[in-house]
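Student: Each protein sequence line maps, in turn, to chains A and B.
So the first sequence is numbered by this note's numbering: it starts at 1 and just counts up by one.
So the second sequence is numbered by this note's numbering: it starts at 1 and just counts up by one.
Treat the hints with care, since some could be wrong.
Heads up, incomplete: computed chain B residues facing chain A, CB under 7 Å, no partners named [said to hold, decoys possible]:
id: 1; residue: D74
id: 2; residue: Y76
id: 3; residue: Q77
id: 4; residue: D106
It is worth saying that the hints were derived from the structure and are not from the lab.
Think of the CB as a built atom: it goes at the ideal place given N, C-alpha and C, for glycine as much as any other residue.
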Amino acid sequence: MKNRLKVLRAEREWSQQDLADALAVSRQSVNAIETGKYDPSLPLAFRISDVFAMPIEAIFLRDQ
Amino acid sequence: MVYWNNLAPYMRRYTIRILLFVSSYIIILTSSLAFARGGLEHSQATLIGLALITAFPVIGMFWAIFRLLVETDDEYQRLLFAKQTLLATAATLVIVTVWQFLQVYDVVATGPQWMGVIWFAMLGLAAPIVRWKA
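Kindly generate the complete structure, drawing on both the sequences and the hints.
Tutor: Shown next, in the form of structure tokens:
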């Protein structure tokens, strides 16, 4: 699944560690999600959505 | 100290548990062996008791590792730990199977031994393999 995490993070000038701290996960986890190596669970996707104050579908994009 | 403070709470609990079990193992093993091989005759029940007491901290290490899988609240890290334990288990089974057949064909005198130690070694080897490019 594709996502806009890197772009959204850059717009807010957040480092991967900043986002990891906000989500209470490791920086390695944020990197794995950002690079598409790992698709987060629905609860984590909702936490990401809350942190960015955006709906999930505006962050995660379905594969065409 | 900075490294310790940066560790996630579940990793701190895991580290404390492993250190406690490893230090208990060293103390129990050395004192039990000294007692058992001290020149006195011991009953079978005493020797079974010593074996169980010595095995206890090793079983504790298994418990600590599987408890880590339960307590890790970072789902991606939990996935990596799960992959690590599965890879270690698979590698241990391969080693033990080959070793067993070496014994069947009289290449070696004894069959698989110290499987727990092999599993711990494989767990250590599996960590960088699983985390490589993770």
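Student: Evaluate each hint against the coordinates.
Tutor: Hint-by-hint comparison with the structure:
no. : hint : in the structure
1   : D74  : 5 Å, holds
2   : Y76  : 4 Å, holds
3   : Q77  : 6 Å, holds
4   : D106 : 47 Å, violated
When each numbered hint is compared with the structure, a violation occurs for hint 4 only.
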